[in-house]
Amino acid sequence: MSTYIPHTSTELQEMLNVIGVKTIDELFAEIPNNLRLNKDLDIPCGMSELEMTRELTSLSEINKTVDKNVCFLGGGAYDHIIPAAIDHLLLRGDFFTAYTPYQPEVSQGTLQCIYEYQSLICSLTGMDQTNASLYEGATANVEAIKMAEAQTGRKKVILLDTINPAYRKVIKTINGAQDTEIITLSFEDGVCDVTKLARAIDDKTAAVLVQYPNFFGCLEDIENIAKMAHEAGALCIVCANPIALAILEAPGNLGADIVTGEGQPLGVPLSFGGPYIGFLAAKKALLRKMPGRIVGKTLDIDGKQGFVLTLQAREQHIRREKAGSNICSNQALVALNTTIYMSLMGAEGLKEVALHCFQKAHYMKSELAKIEKLTVPFTSSFFHEMVIKVPNADSVLKRMEEKGIFAGIALEKYYPNLKDCILLAVTEKRTKSEIDDYCKYLGEALK
Amino acid sequence: MTEPLLFELDKKGRRGYALPKLDVPTVDPADHIPTKFLRKQLNMPSLSELETVRHFTRLSRMNHSVDVGFYPLGSCTMKYNPKVNENIARLPGFANIHPHQNANSVQGALKLLKTTEKYLAELTGMDAITLQPAAGAHGELTGLLIIKAYHNKKGNNKKKILIPDSGHGTNPASCTMVGYEVVNIKSDNRGCIDIEDLKANITQDVAGLMITNPNTLGLFDENIGELASLVHSVDGLLYYDGANFNAIMGWTRPGDMGFDVVHLNLHKTFSTPHGGGGPGSGPVGVKAHLKEFLPTPFIIEENNTYSLKNENDDTIGAVLGSLGNFSVIVKALAYMMYNGKEGLKAASAYAVLNANYMMKKLKDTYYVPYDRFCKHEFVISGKTFAKHGVKTLDIAKRLLDFGYHSPTIYFPLIVEEAMMFEPTETESKDTLDGFIDVMEKIAKEAVENSDLLKNAPVTTPVRRLDEATAARKPDINFYQKP
Chain A
1 MSTYIPHTST ELQEMLNVIG VKTIDELFAE IPNNLRLNKD LDIPCGMSEL
51 EMTRELTSLS EINKTVDKNV CFLGGGAYDH IIPAAIDHLL LRGDFFTAYT
101 PYQPEVSQGT LQCIYEYQSL ICSLTGMDQT NASLYEGATA NVEAIKMAEA
151 QTGRKKVILL DTINPAYRKV IKTINGAQDT EIITLSFEDG VCDVTKLARA
201 IDDKTAAVLV QYPNFFGCLE DIENIAKMAH EAGALCIVCA NPIALAILEA
251 PGNLGADIVT GEGQPLGVPL SFGGPYIGFL AAKKALLRKM PGRIVGKTLD
301 IDGKQGFVLT LQAREQHIRR EKAGSNICSN QALVALNTTI YMSLMGAEGL
351 KEVALHCFQK AHYMKSELAK IEKLTVPFTS SFFHEMVIKV PNADSVLKRM
401 EEKGIFAGIA LEKYYPNLKD CILLAVTEKR TKSEIDDYCK YLGEALK
Chain B
1001 MTEPLLFELD KKGRRGYALP KLDVPTVDPA DHIPTKFLRK QLNMPSLSEL
1051 ETVRHFTRLS RMNHSVDVGF YPLGSCTMKY NPKVNENIAR LPGFANIHPH
1101 QNANSVQGAL KLLKTTEKYL AELTGMDAIT LQPAAGAHGE LTGLLIIKAY
1151 HNKKGNNKKK ILIPDSGHGT NPASCTMVGY EVVNIKSDNR GCIDIEDLKA
1201 NITQDVAGLM ITNPNTLGLF DENIGELASL VHSVDGLLYY DGANFNAIMG
1251 WTRPGDMGFD VVHLNLHKTF STPHGGGGPG SGPVGVKAHL KEFLPTPFII
1301 EENNTYSLKN ENDDTIGAVL GSLGNFSVIV KALAYMMYNG KEGLKAASAY
1351 AVLNANYMMK KLKDTYYVPY DRFCKHEFVI SGKTFAKHGV KTLDIAKRLL
1401 DFGYHSPTIY FPLIVEEAMM FEPTETESKD TLDGFIDVME KIAKEAVENS
1451 DLLKNAPVTT PVRRLDEATA ARKPDINFYQ KP
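Chains as they are written, first to last, in the numbering used here: chain A, 1 to 447; chain B, 1001 to 1482.
Derived by calculation from the structure, the hints in this document are not laboratory data.
Note that beta-carbon positions come from the ideal geometry of N, C-alpha and C, so glycine has one too.
Incorrect hints may have been included.
Claimed, not checked - Part of the chain B face toward chain A, derived, beta carbon under 7 Å: (1) Pro1029; (2) Leu1047; (3) Ser1065; (4) Ala1200; (5) Gly1250; (6) Tyr1366; (7) Pro1369; (8) His1388; (9) Lys1391.
As the list claims (entries may be wrong) - Computed far set for chain A versus chain B, every beta-carbon distance over 10 Å: (10) Arg36; (11) Ala85; (12) Arg92; (13) Ala285; (14) Cys328; (15) Ile371; (16) Glu444.
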């Protein structure tokens, strides 16, 4: 029996006596015999903490990490610097072993952190309000589309295919199952083809969804796209990179009605894809359509400042069948992670992170341009991610990995017309010498 | 105890972190980005590292948590979250791998996921598992999408999902999300599904029945075999809400009871921390006939080499942008390995023991509407105190004064003034006895001095909060006052 069960044999006996049974088995007596598991589970026997740690450590060491290799992978998750203080705070049991703030009087820590998170996300996105966070980037867009449908009473949504393919797949799965008509528009020079967009938007359109910067790292003209959407009575949803927003104009100031995104870049470990955090912020008019939890500031009966979950007329409570979403939790600990990150960085620090990303990416582009046989297919402005084209991209990526460089994502499996194209990201964590090595080895691989 | 807001600690010029010096030539964004896309202003507070650490440490002390004290919140399984699992999830080989790395560079991670799938399949008696869903409600949605895909493929014209009136809160919303109409099924006087009401509602357009067993009253429905036959007789599917799985691990399995689809909550049964409300993980298991509908990618194992299969003809698609909440899954596997087959069965055994012990002891003082052996949780009603002007809410608030978290209250909806307790197996007899004493004391106070309850709590960082004003004039963003 594991040490997580504290009962002594005497206590067990005392408890059985109180209940009035001889064995624990009797408490399971009502399970019909034919449904009982009358065999041992086919799972190994328990082990000590040391043995378990050794076994899982060995397993972990099979993986190649971004510490022992150099990571130029992006596509929605980025290898940024994570200040050491964050994890120490996240490991406080008072935070990570608490649950949903159902009893606000003993959950003020969690609640105030969420209020602070909400305020910071609003500031970053230029929006009026946000919720306490959602699962991750893809599902945040699913919820944003549902909000737009509820607001406009329309069921058609236009996606630019410069949106992260993984997000589009989730949208197709979940929104598609709710009879949303999904139109996907192909790009031109790495960004939205405005002519195609103008033809696609009509009075049935609930929303246009655009990524900023987009999956290729290029800057979409979200102001113009928002204007086109609004002229048809549709909403504009902008899926933004939160680090980029430190130097890029807030979508809220460029006409976005809803801003979503993946919060991982804000100090969250890569962890092979999760847990991450989806953010979703909106203009005031959409407040009552916001899914998930929201924390509000209020007073207690003594007039002292305090925080509560608010505007939660849905999901688990009354009118359950009428709920617009079934989400009843948030990513509280990850929201806390991003809040601590933003607190440590501050406005100046965050701008600096974004600037370093930008400058290193632009240095890299100028160095890559010197390599023969390498082309850069798109000419649009970019932030810290770009597409390059080289002959035999797959084998080049493999050779780079042998040199300890995760050189980028091969795009052909998502975009058949982008054969031999590679998407690469440069964060503030990359050094000049790592970038120079990349260019050197790539040049050699192409010789 | 009030902690200033982060924004009130702001002092321009302070920094909490320094980046390495920029080692490439600087370029001016203004030369590369059109002016209209350049940020004009960014409001964000500036604090030193120490101030940040103190702010969040002080806030943490305003929370109740499992590490601080008893947390008998029903249907939430607030068991101990083993510390070692946090270390395992933070191993560089798990924390520092990128989701877009090639499969050959993440063989350890893929093997870990596959092993977790196998263990969960064994525990639930299902044939295949997806680890993609990020939470219980997300698992429900995934399971219902699978049910819908199954019926669509067979050309079945299905419209309804049946849910007992004791069902979990998110069940109806999840059904609505995939376009099914919800029909409530009554409970009988034993707290289980009323078979006659179920029979009356079994029609050809029933897509499935969604239940927990044991249910939210903590009661095992021994008619489950018959329920399954009824649903299957119209080609409906049986869905198992695994929120209460901590009651039966190693004793019986949803797959053996006749369930076709199962979701689990790793943050409940498998001890991964609740994190103040997330992240969780809500894997979904299915029987062989539904395997093809699972979300992609599938993890494929061949000769001890792991790869991802991205497409599959009948898949519902994908429900998350990644393979799942990986580090949560790491902790759940560590928990299963540490406990092993005998430890997992013991966990359920002692969870059930603790619940029955508490219920038996409380029965002298509180009204127990369904007086029979419970599983891992039980429900009592506070309605007997109404004559003293005391509500369940008051009892819940008074518990906070004694350093305990309250039970789940006003749920399930079928019990008046409900209080739902789930002690979990990791609590000792001493803890339970201490809690039971306090519950008895509160019952006495309710009769003798009910103001103590109505004014509670008084020892907490704040007292009862004005929720009405919070909803009427929402203040949810520091930068934009209502």
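Each hint, compared with the structure:
Interface restraint check for Pro1029 of chain B: the shortest CB-CB distance to chain A comes to about 6 Å, inside 7 Å, so the restraint holds. The restraint placing Leu1047 of chain B at the interface with chain A holds, with a minimum CB-CB distance near 6 Å, inside the 7 Å limit. Annotation: interface hint on Ser1065 of chain B holds; nearest CB of chain A at approximately 4 Å, less than 7 Å. Hint on Ala1200 of chain B is violated. Least Cβ distance to chain A is approximately 20 Å, over the 7 Å limit.
The closest approach between the C-beta of Gly1250 of chain B and any C-beta of chain A is roughly 5 Å, which is under the 7 Å cut-off, so the hint is satisfied. Interface hint at Tyr1366 of chain B: violated, since its Cβ lies 16 Å from the closest Cβ of chain A, which is beyond the 7 Å cut-off. For Pro1369 of chain B, the shortest C-beta to C-beta distance to chain A is roughly 18 Å, which exceeds 7 Å, and the interface hint is violated. At its closest, the beta carbon of His1388 of chain B sits 21 Å from a beta carbon of chain A; the interface hint therefore is violated under the 7 Å criterion.
The beta carbon of Lys1391 of chain B comes no nearer than 15 Å to any beta carbon in chain A, farther than 7 Å, and the hint placing it at the interface is violated. With a closest Cβ-Cβ approach of about 6 Å to chain B, Arg36 of chain A is found to fall inside the 10 Å limit, against its non-interface label. Distance to chain B contradicts Ala85 of chain A as a non-interface residue, since its nearest Cβ pair spans about 6 Å, not more than 10 Å. For Arg92 of chain A, the shortest C-beta to C-beta distance to chain B comes to about 4 Å, within the 10 Å cut-off, and the non-interface label is violated.
Chain B leaves Ala285 of chain A outside its interface by the beta-carbon criterion, the shortest separation being 14 Å against a cut-off of 10 Å. With a minimum CB-CB distance of about 5 Å to chain B, Cys328 of chain A fails to clear the 10 Å threshold, and the non-interface call is violated. With a closest Cβ-Cβ approach of about 17 Å to chain B, Ile371 of chain A is found to remain outside the 10 Å limit, as its non-interface label requires. No Cβ of chain B approaches the Cβ of Glu444 of chain A within 10 Å, the least distance being about 20 Å, so the stated non-interface status holds.
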